[in-house]
Amino acid sequence: MMVNKKGLLAAGAVAVAASLALAGCAGGSTSGSSKSDAASSTLTVWVDADRAAVLKDAAAAFTKESGVKVKLVQKDFGKIQEAFIAQVPTGKGPDITIAAHDWLGNFVSNGVVQPVELGDTVGDYQKVAVTAMSVEGKTYGVPYSIENIALLRNTALAPTAPATYDDMIAAGTAAGTEFPFLVQVGPESDPYHLYPFQTSFGAPVFGTNADGSYNPDDLSIGNAGGEAYAAWLAKEGAAGHLSVNVTGDIAKEKFNSGASPFLITGPWNVPDAQKAGIDVAVDPIPSAGGSPAQPFVGVQGFVVSAKSKNALAANEFLVNYIGSEKVQTELYKVGGRAPALTSAFEAASSDPITAGFGAVAAEAVPMPSIPQMGKVWQFWGVTEAAIITGAGDPTQLWQKMTADIQAAIK
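Throughout the sequence shown, residue numbering follows mature numbering (1 follows the signal peptide of the UniProt record, and there is no 0), covering -23 to -1, 1 to 387 in sequence.
In the DSSO-like style, the derived pairs of lysine-lysine whose C-alpha atoms are separated by at most 30 Å in a straight line are:
id	residue 1	residue 2
1	104	115
2	104	284
3	286	52
For the record, the hints were derived by calculation from the structure and aren't laboratory data.
Keep in mind that this is a model prediction, so the values were computed, not measured.
Required output: the full structure, derived from the provided sequences and hints.
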């Protein structure tokens, strides 16, 4: 495994790295005593089962080069966030854990992670990935994957991509299928899948600061664009284009059976569509409100514990090994998520599906990782569902939701 020497830290850090027998990663040699000292050091890494095999090879290469052992501990991904927050303060947690970027708000507010230093490799990653792994201008993780939704198109039913939402409805109607387009809504709505339409009305959940970070004091969801989006939800619900009866499973089943030319979904539903014999194209989600339709981007990466006694070694392992093109490519192969490292993504983009989702991700926005985002979900979906089903005046319902969110945040 080739080591990415660009990832080395500043000169002072390199000196410390040498004391940990990391000089091998810096292109130098290690003495017998420093090698012995390093061998007594161990990095504990929490990782889910799907990615453990890839990290096993990276860990072995790192240990051979540095003398620092890496202990991989498999964890259920869904339980990592809670366990990490509980264990790190006691000193029992790992040095490194796999994490979703939207956990960072909780991690930072609980003081359980420390910034990582990407050095001059920061420009090697897709910008949206680094932004997602950052809080208040500090980067807290090395990203390895990007995931988002886009528009799947059955090319036999719709030969060209729609430019706008109205174009999509027209093309779907002309196709003569049961549904002009499909998106999962469900009984309590699905703000994640509908969010691109909301942003097309100029109504993000939160405004942003100059550095691109989310500003919890700017609850933009309640602006005039949000009210226009609410009116649009009511109109499309009345027209039958949005329905709380369409769950994720129903949307997938109907698209795969040819009941619609279009489905808004993520890469996880592409394999089954292809198995159903559909020639799938991936397009940007068309705008309903005039502004770009920007879905959320979810980024996964690895973070370093605030209590790690081997923080420099942990940083080196993440930057030079997890951040290498080889490892990012292997993680892509086992997980199917587009690589965060630009060179690995460009190689993976020989697959038009990956290229299509990646093109949408480049114009998308990270899901807010600030703690205040947790106060939004409980009101957001149920309000959308009420508006879609005609349960009240859309503007009043949207204003009440905004006030409830604001009160919950305070």
